[in-house]
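Residue numbers (my numbering), protein chains in the order written: chain A, 1 to 295; chain B, 1 to 201.
Among the hints, a few may not be true.
Said to hold, decoys possible - Just a few of them, taken from the derived set where beta-carbon distance is under 7 Å, the chain A residues facing chain B:
#1 7
#2 10
#3 11
#4 38
#5 49
#6 52
#7 57
#8 58
#9 60
#10 67
#11 73
#12 76
#13 79
#14 81
Claimed, not checked - Restraint-style ranges between C-beta atoms, simulated for each label pair:
#15 39(A) x 165(B): 23 to 31 Å
#16 286(A) x 165(B): 21 to 29 Å
#17 29(B) x 67(A): 23 to 31 Å
#18 278(A) x 103(B): 39 to 47 Å
What the hints assert, rightly or not - Rough simulated footprint, nothing fancy, chain A against chain B, three-plus residues with beta-carbon under 8 Å:
#19 22–36
#20 46–54
#21 68–77
#22 163–170
Read the hints as simulated data drawn from the structure, not as lab findings.
Built from N, CA and C at the ideal position, the CB exists for glycine as well.
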Amino acid sequence: MTENPSLSCDAVRDLAPLYVLDALEPAEAASVREHLAICSDGHAELAELGGVVPYLAESLEPLEPPAAVGERIAAAVRADLRARARDDTAAARLVEGYGAALAATAVTAETTVREPATPATEPVDLAAARATRAARGPRPAWRWLLEAAAVIALVGVVGWNILLQGQLDATRQQAALLSSALATAAQAGSVTATLQGSGPAAAASGFVVAGTGGTNYMVVSGLPDPGAGRTYQAWYLKGQAAVSAGTFTLGTNGVTVVGMSATAGAVTAVALTIEPTGGSTQPTSQPIVLASFTG
Amino acid sequence: MNGAHAAGAAPPHELASASDEELMRRVATADAGALDLLYERNRAMAYALAVRITGDAALAEDVLQEAFLGIWRNASRYAAARASARTWVLSIVHHRAVDAVRRRRPVSELPDQEAPPPASLVVPDTWEAVAGRLDRAAIVAALAGLPDVQREAIELAYFGGLTQQEIAARTDAPLGTVKSRVRLGLLALRGAMAASTTVEP
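Model the full structure from these sequences, guided by the hints.
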């Protein structure tokens with residue numbers, strides 16, 4: 001797929017007739033898609049040639065499939081619906097439970113541990129907390145917990161609302177990851193950093209949990225679709241160096257939970273970039289989401 | 001019926017008058033009844049296509065099942081395709097059938113995610129405008145009117161599931177010749193169909 005990453009426009013025009021018939025080698029087709037994802041040329045020849053393809057299918061005499069095929073499809077769809085409903089219920093309970101518990105924790109912590117000089121702010125006003133942090137010097141350790149709890153409560157409530165909208169297609173994997181992420185965040189010794197979006201991902205929010213185990217977690221919402229032929233890729237930043245933490249696709253419910261294998265060495269930040277499908281060995285664009293562990 | 005599919009489900013009488021595109025939007029909200037109807041409307045052409053490509057009724061049934069489950073799972077991707085729902089459905093059936101033929105492996109092992117849609121899906125097409133008043137005989141006649149080498153190259157690619165390299169080997173023609181035969185054939189078909197559909201209101 002990456003052996004020919006940069007087809008020219010002329011090469012794409014040359015391949016267009018077979019591309020619209022789905023008759024290219026998979027690697028060739030992938031190269032065409034990669035080109036189309038970044039090309040500013042409209043490649044009108046694809047519309048011109050591709051518009052003919054439906055005629056080819058319609059030239060066939062219709063043929064009724066056995067009734068059993070439709071029955072199998074209908075049964076499989078219903079089974080999938082039931083599985084989704086189970087997942088949704090389990091995930092909703094999970095998020096609801098964690099959200100409520102952590103909201104209570106955040107409020108309690110905020111009211112009992114607040115430093116006397118700190119002006120009253122909303123518990124989840126992280127921007128204000130961050131703004132005053134620098135002026136105050138080294139942050140007390142409990143601040144991490146407070147921020148983590150507040151962010152988790154916020155994300156939990158957001159996630160729960162989305163669940164209630166009935167639009168959720170939460171997979172078991174996402175639910176399990178979310179459970180692990182929150183459990184890790186609640187463990188002693190774990191460190192949490194909030195995600196800051198910028199540019200096309202300005203609306204993104206969430207957090208990264210670095211636990212003491214082998215897996216770190218990222219919970220993020222508000223990421224835009226990366227576009228055709230593109231994928232999100234997470235990076236561990238170690239000073240000037242970037243180490244891939246893997247690619248991921250967006251969760252279908254607006255909240256994405258990603259498990260990332262821990263990496264050796266001191267991580268200063270976790271960053272997200274948009275890369276060609278399959279990922280890159282080094283970032284090829286500026287990070288659009290960043291979570292700094294150095295305050 | 002249980003509560004599981006209450007969220008996006010519409011009463012059957014409302015669905016019956018919905019366009020395929022509206023059905024697809026409902027499928028994206030997990031409306032199983034909409035998928036049933038989408039299948040009912042498109043199954044005969046989808047099955048004909050799968051049988052023609054695989055040459056194997058049992059394999060074609062598997063292709064159909066996997067294709068419609070793929071549509072069920074990925075209907076939300078349809079919104080970006082900007083093609084008619086029928087074209088999108090048939091393209092997924094085509095892709096699955098070709099994949100089954102090329103890889104000679106059970107379709108159940110195919111990836112859970114649909115492959116990125118073929119080009120005909122991501123470009124506006126003329127289907128919407130001509131659906132319902134296309135005369136199959138006119139299409140067959142237009143195909144039959146192509147020079148033999150052009151029709152052969154197109155059919156080997158679209159119905160045979162052959163790659164351009166395989167077509168070149170099969171027809172004993174250079175790759176560049178295969179490409180230009182397909183290009184000229186598709187453009188000729190386009191012209192012929194445009195001529196045959198403009199006479200209707």
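Here is what the structure says about each hint:
1. Among the interface hints, the one on residue 7(A) is violated; its C-beta lies about 13 Å from the nearest C-beta in chain B, farther than the 7 Å criterion.
2. For residue 10(A), the interface hint is violated, since its Cβ never comes within 7 Å of a Cβ in chain B; the closest pair sits about 13 Å apart.
3. The beta carbon of residue 11(A) is not positioned within 7 Å of any beta carbon in chain B (closest approach about 11 Å), and the interface hint is therefore violated.
4. At its closest, the beta carbon of residue 38(A) sits 14 Å from a beta carbon of chain B; the interface hint therefore is violated under the 7 Å criterion.
5. Interface hint status for residue 49(A): upheld, as the beta-carbon distance to the closest one in chain B is roughly 5 Å, under 7 Å.
6. The criterion of a C-beta within 7 Å of any C-beta in chain B is met by residue 52(A), whose closest approach is roughly 5 Å, and the hint holds.
7. About 5 Å separates the beta-carbon of residue 57(A) from the nearest beta-carbon of chain B, less than 7 Å, and the hint is met.
8. Nearest Cβ of chain B to the Cβ of residue 58(A): about 6 Å, under the 7 Å cut. The hint holds.
9. A cut of 7 Å between beta carbons decides the hint on residue 60(A): the least distance to chain B is about 4 Å, and the hint holds.
10. A distance limit of 7 Å between C-beta atoms decides the matter here; for residue 67(A) the minimum to chain B is near 10 Å, and the interface restraint is violated.
11. Because the smallest distance between the Cβ of residue 73(A) and any Cβ of chain B comes to about 5 Å, under 7 Å, the interface hint for this residue holds.
12. Given hint, residue 76(A) at the interface with chain B, holds; its Cβ is 6 Å from that chain's nearest Cβ, closer than 7 Å.
13. Interface restraint check: residue 79(A) against chain B, minimum CB-CB distance 10 Å, threshold 7 Å, status violated.
14. The restraint placing residue 81(A) at the interface with chain B holds, with a minimum CB-CB distance near 5 Å, inside the 7 Å limit.
15. A hinted range of 23 to 31 Å for the beta carbons of residue 39(A) and residue 165(B) is consistent with their spacing of about 24 Å.
16. Distance hint for residue 286(A) and residue 165(B): a CB-CB separation of about 39 Å, inconsistent with the stated range 21 to 29 Å.
17. About 27 Å separates the C-beta atoms of residue 29(B) and residue 67(A), a value consistent with the hinted range of 23 to 31 Å.
18. At about 20 Å, the beta-carbon gap between residue 278(A) and residue 103(B) misses the expected band of 39 to 47 Å.
19. Counting residues of the segment 22–36 of chain B whose beta carbon lies closer than 8 Å to any beta carbon of chain A gives 5, which meets the minimum of three for the stated coverage.
20. Look at the segment 46–54 of chain B against chain A: 6 of its residues bring a Cβ nearer than 8 Å to a Cβ of that chain, three or more, so the hint holds.
21. Counting residues of the segment 68–77 of chain B whose CB lies closer than 8 Å to any CB of chain A gives 5, which reaches the minimum of 3, so the coverage claim holds.
22. By the rule of at least three residues with a Cβ nearer than 8 Å to a Cβ of chain A, the coverage given for the segment 163–170 of chain B holds, with 4 such residues.
Comparing the model with each earlier hint shows violations of hints 1, 2, 3, 4, 10, 13, 16, 18; every other hint is respected.
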